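Enquirer: Sequence:
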Amino acid sequence: MPMAYALATLAAFANALSSVFQRIGVQNAPSDTTMSWALIRHAIRHIVWFAGLALIGVGFLLQAVALRFGQLSSVQPIVTTELLFLVLILGVWFRYHLTWREWTGAATAAGGLATFLVVAAPGGGTVIPTLRSWTVVFVAVGAMAAVAASLGFTGPRWFRASMFGASGAVVFALSAALTKQLTTLVTEGWGHVLTNWDPYALVVTGLIGLFLIQSSFHAGPITASQATLTIVDPVMSVVIGIWLFHDHLDTAQWRLPVELVAMGIVVFGVIVLSRSPLVAGVKDESSTGDKLVRQPKSGDRWPAVPGPQAQEPAGGPSAGGGSAAGGEH
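Numbering (my numbering), first residue to last: 513 to 841.
Hints may contain errors.
[Said to hold, decoys possible] Across the chosen pairs, the derived CB separations fall in these ranges:
(1) I568 to T611: 22 to 30 angstroms
(2) I568 to V773: 31 to 39 angstroms
(3) R613 to Y712: 39 to 47 angstroms
(4) L706 to V630: 37 to 45 angstroms
(5) F671 to I559: 35 to 43 angstroms
(6) I559 to A764: 50 to 58 angstroms
(7) W612 to V773: 16 to 24 angstroms
Treat the hints as calculated values from the structure; they're not laboratory data.
No experiment lies behind these values; they were computed from the predicted model shown.
Where is the CB? At the ideal position from N, CA and C, for every residue including glycine.
Please model the entire structure based on the sequences and the hints provided.
Expert: Next up, the structure:
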């Protein structure tokens with residue numbers, strides 16, 4: 513179990529670093545390339561973007577191994593600490609000023625998650641799901657994703673982004689379950705893997721989830737889609753893990769109320785972090801957010817020019833002093 517927690521934490525760090533590298537790779541793209549192939553053509557010219565792409569693969573492999581040794585209901589909530597690592601990278605490496613929002617969000621999310629894992633003491637998760645169990649999950653996830661995606665065509669922009677985000681999140685939770693199943697098949701040999709339906713379903717659900725999440729980013733504010741994705745994914749993973757793999761959470765006596773409060777605290781922390789201008793700026797690939805640049809040391813700061821084209825003063829480093837604040841899509 514400790515190994516699964518450690519691997520899940522490393523996967524979260526890889527995902528956070530991936531977001532930073534990919535943001536740097538696309539932030540200088542022309543504004544008219546948003547949601548077009550031209551943006552990809554721009555990105556592939558930059559090695560840092562490929563580094564971010566490679567880190568996505570590293571994060572997936574780390575998550576897969578974590579799921580091999582741990583429960584779906586414990587690994588997926590840990591992966592959501594990506595937001596905490598994102599704030600840490602921006603504060604330590606890029607030297608952005610961390611406000612009460614970042615500190616409060618990080619502390620409550622980490623504290624709530626640690627409390628949940630200690631009190632719930634996840635166990636089990638060794639059952640091989642039957643085809644009937646998988647069918648129930650596919651039908652349930654498909655229905656929830658379809659309803660959420662349908663609602664994504666209605667309401668204000670923040671609501672549309674949230675609904676597309678929720679739709680993608682439940683599909684990603686299913687992908688995580690399929691990943692755990694795949695790690696079990698791998699132990700029986702790759703020839704056995706390729707003759708089963710699981711890896712092909714994993715590819716399909718992964719692509720569908722990616723499409724839905726991109727739609728949520730395009731539909732409205734990045735903060736709405738990011739918060740929904742980060743909250744719904746682990747909650748659905750806990751439910752799927754209990755149903756499919758018979759994950760066990762200790763809910764006896766006082767433990768269940770504490771676990772519910774702990775998860776509520778995690779949700780609060782995630783919402784606070786996802787609404788941070790720093791996090792939103794890194795996730796934002798539009799031209800409305802300031803460029804992600806390393807800030808000068810505290811003794812060498814200069815006034816920043818607002819807007820995405822922040823200019824450096826004469827003789828100063830080419831770093832620009834704007835924040836990473838991201839606007840709505």
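Enquirer: Now tell me, hint by hint, if it's right for this structure.
Expert: Cross-check of the supplied hints:
For the hinted restraint 22 to 30 angstroms between I568 and T611, the CB-CB distance of approximately 29 angstroms keeps it satisfied. Distance hint check: the CB atoms of I568 and V773 are about 33 angstroms apart, consistent with the given range 31 to 39 angstroms. Separation of R613 from Y712 is about 42 angstroms and conforms to the stated range, judged on CB atoms against 39 to 47 angstroms. For the pair L706 and V630, the supplied restraint of 37 to 45 angstroms holds, since their beta-carbon distance comes to about 40 angstroms.
At about 38 angstroms, the beta-carbon gap between F671 and I559 stays in the expected band of 35 to 43 angstroms. Range check, I559 to A764: about 53 angstroms between beta-carbon atoms, so the 50 to 58 angstroms window is met. Checked against the given bound of 16 to 24 angstroms, the beta carbons of W612 and V773, roughly 22 angstroms apart, stay inside it.
Going through the hint list in order, the structure satisfies each hint without exception.
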